[in-house]
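Top to bottom, those sequences are chains S and A.
Note that our numbering gives residue 204 to position 204 of the first sequence, counting from 1, and the numbers run on in steps of one.
Note that our numbering gives residue 32 to position 32 of the second sequence, counting from 1, and the numbers run on in steps of one.
Note that these hints are calculated values from the structure, not bench results.
Just to be clear, a hint being listed does not mean it is correct.
[Claimed, not checked] List time: in silico SDA-like cross-link candidates among lysine to any residue, alpha-carbon distance up to 20 Å:
1) S:K55 x A:V84
2) S:K55 x A:M164
3) S:K54 x S:D156
4) S:K55 x A:G114
5) S:K55 x A:T79
6) S:K55 x A:E31
7) S:K54 x S:R117
8) S:K54 x A:G74
9) S:K55 x A:I76
10) S:K55 x A:R60
11) S:K11 x S:A65
12) S:K54 x A:I30
13) S:K79 x S:Q91
14) S:K11 x A:L85
15) S:K54 x A:V64
16) S:K54 x S:H116
17) S:K54 x A:L71
18) S:K11 x S:R145
19) S:K54 x A:A29
20) S:K54 x A:I76
21) S:K54 x A:L85
22) S:K11 x S:K54
23) S:K55 x A:F156
24) S:K54 x S:L23
25) S:K11 x S:L192
26) S:K55 x S:I89
27) S:K54 x A:E31
28) S:K55 x A:Y83
29) S:K79 x S:D7
30) S:K54 x A:V84
31) S:K55 x A:L85
32) S:K54 x S:Q137
33) S:K54 x A:V102
34) S:K79 x S:I89
35) S:K54 x S:L8
36) S:K54 x A:V81
[What the hints assert, rightly or not] If you want the footprint, here are the derived chain A segments under chain S, 3+ residues with CB under 8 Å:
37) 18–28
38) 78–84
39) 87–101
These numbers were taken from a predicted model, which means no experiment stands behind them.
The beta-carbon is built from N, C-alpha and C at its ideal position, and this holds for glycine as well.
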Amino acid sequence: MRWFRTDLLGKVVAPLPRLVAALGFLAAQAAAQSPGTASVLLTISLILALLAGKKISLGYFLILALSIVGFSLLSPFGKVLVGWGPLRITQGALEEGALRALRLIGMVFTSVAAIHRDLQLPGRLGSFWAEVLGYYQRLLEARHRIRPARWIDSLDEIFLEVLPADSLEEKGVVPKLNSEPVQNRGWWSVPLVWGLAAALFFGLGQ
Amino acid sequence: MSSPNKEIHGVSRRRLLAFLSAIGLFLAAIEYLLPKPVPFIRLGISNIPLVLMLDVLRFRELLVLAAVKVLGQGLINGTLVSYVLLFSAVGTFTALFTMAAVRRLFGLRLSLIGVSLWGALTSNLAQLGLSVLILLGENAWVIGPVILGTGGATGFLVGWLAQMFQSRSVWFREVRRALVSD
């Protein structure tokens with residue numbers, strides 16, 4: 001299932017419009033007041049994250065959700081649904097915990113779908129980030145040379161090779177700032193996503 | 001006072017900072033691949049460059065390193081516009097300010113393990129406080145002992161790894177000599 005790890009969103013929407021589009025969705029998720037609305041928004045953001053080719057560890061997020069709900073249940077309020085001795089599961093605490101979990105995890109999925117590594121940051125920060133990514137790429141390429149038994153020596157060899165370096169830019173390893181034009185495709189997604197978020201938010205009753 | 005971008009052995013401070021940031025991201029990527037059985041517990045090995053360079057870089061450079069670590073992790077893991085970034089920023093900057101303060105206070109009498117322990121414990125405490133505010137509510141304090149216990153263990157590990165690297169790495173020795181003579 002190669003498509004599963006392919007960034008399908010990236011084929012139609014460039015990193016910047018993708019982020020701008022996601023901001024509207026994030027606002028709707030942050031403002032969602034009912035578990036129903038929050039779960040619909042979460043489902044969409046999960047699908048978007050998968051379409052972006054991102055690996056989502058569902059087990060991890062399930063444990064996170066259960067923890068958030070569990071902690072919420074420790075402060076019972078509202079109608080008692082189930083009770084075992086001193087332990088009570090109340091509707092108010094359950095709904096509040098579920099809403100908080102759905103909202104926060106949904107926002108993580110949206111963020112994961114929205115952020116692309118090639119997002120160009122402005123100005124000096126952008127040029128510095130390009131340099132960082134260049135070195136990061138070099139380290140990733142050298143990672144198979146790291147030997148756990150002699151990790152310091154093997155890391156040393158790699159570090160001494162990568163830095164100091166005479167001019168990585170000349171070798172084309174460190175991407176130069178603005179060496180490629182900013183990609184603009186996919187701005188149509190901004191009104192689409194913002195409209196969808198607003199429709200779901202108001203249509204489902206916040 | 002030297003120029004912030006002065007060349008050291010043919011490498012500018014800016015380039016060194018970019019390289020250290022890349023090491024932090026590389027370690028964060030390794031940590032990302034390791035299984036995380038419990039959501040609130042992390043190894044924190046991406047903090048090693050910060051611990052390692054505490055005595056070598058200027059404080060404002062350490063701030064840049066910390067900021068790039070937080071933003072870079074957000075960009076690479078995709079959590080840049082989520083609550084995860086807030087936790088990461090609060091944890092990282094609390095650890096940095098604490099480690100710099102204890103270094104100033106105790107000097108070399110405190111090993112990197114001790115410095116890292118201080119950073120990890122205060123970082124976890126700050127993140128616990130934040131989770132009370134936005135994630136788990138008042139009851140989050142219940143997991144305080146577990147979080148601080150594991151924070152102590154991971155802080156020890158990070159400090160130990162940094163100390164080992166500091167004492168044996170040729171690369172680190174060269175960088176420190178160049179920066180100290182700068």
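Quiz item: Taking 20 Å as the top limit, are the C-alpha atoms of K55 (chain S) and Y83 (chain A) close enough?
Solution: Holds - the C-alpha atoms of Y83 (chain A) and K55 (chain S) are around 19 Å apart, at most 20 Å.
Quiz item: Keeping to a limit of 20 Å between CA atoms, is the pair of K11 (chain S) and L85 (chain A) held or broken?
Solution: violated (26 Å)
Quiz item: Are the Cα atoms of K54 (chain S) and I76 (chain A) separated by 20 Å or less?
Solution: holds (11 Å)
Self-check item: Pairwise hint evaluation, R60 (chain A) against K55 (chain S), where the allowed Cα distance is 20 Å at most
Solution: Not OK: K55 (chain S) and R60 (chain A) at ~35 Å, beyond 20 Å, violated.
Quiz item: CA of K54 (chain S) to CA of V81 (chain A), is that 20 Å or under?
Solution: holds (15 Å)
Exercise. Sort out whether D156 (chain S) lies within 20 Å of K54 (chain S), counting only the CA atoms.
Key: Not satisfied, since the Cα-Cα distance of roughly 32 Å exceeds 20 Å.
Quiz item: Taking 20 Å as the top limit, are the C-alpha atoms of K54 (chain S) and G74 (chain A) close enough?
Solution: Cα-Cα ~14 Å, so holds.
Exercise. Starting from K54 (chain S), check that the Cα of L71 (chain A) is at most 20 Å away, please.
Key: Distance ~18 Å between K54 (chain S) and L71 (chain A) Cα, so the pair holds.
Quiz item: Taking 20 Å as the top limit, are the C-alpha atoms of K54 (chain S) and A29 (chain A) close enough?
Solution: holds (14 Å)
Quiz item: Within a Cα-Cα threshold of 20 Å, do K54 (chain S) and L8 (chain S) meet the stated pairing?
Solution: holds (10 Å)
Quiz item: Does the structure keep K54 (chain S) and H116 (chain S) at a Cα separation of 20 Å or less?
Solution: Since the Cα atoms of K54 (chain S) and H116 (chain S) sit roughly 10 Å apart, the hinted pair holds (cutoff 20 Å).
Quiz item: Under the criterion that the straight-line Cα-Cα distance not exceed 20 Å, is the pair K55 (chain S), I76 (chain A) satisfied?
Solution: holds (12 Å)
Violated hints, listed in ascending order, are 2, 3, 4, 10, 11, 14, 15, 18, 23, 26, 29, 33 and 39; each of the other numbered hints is respected by the structure.
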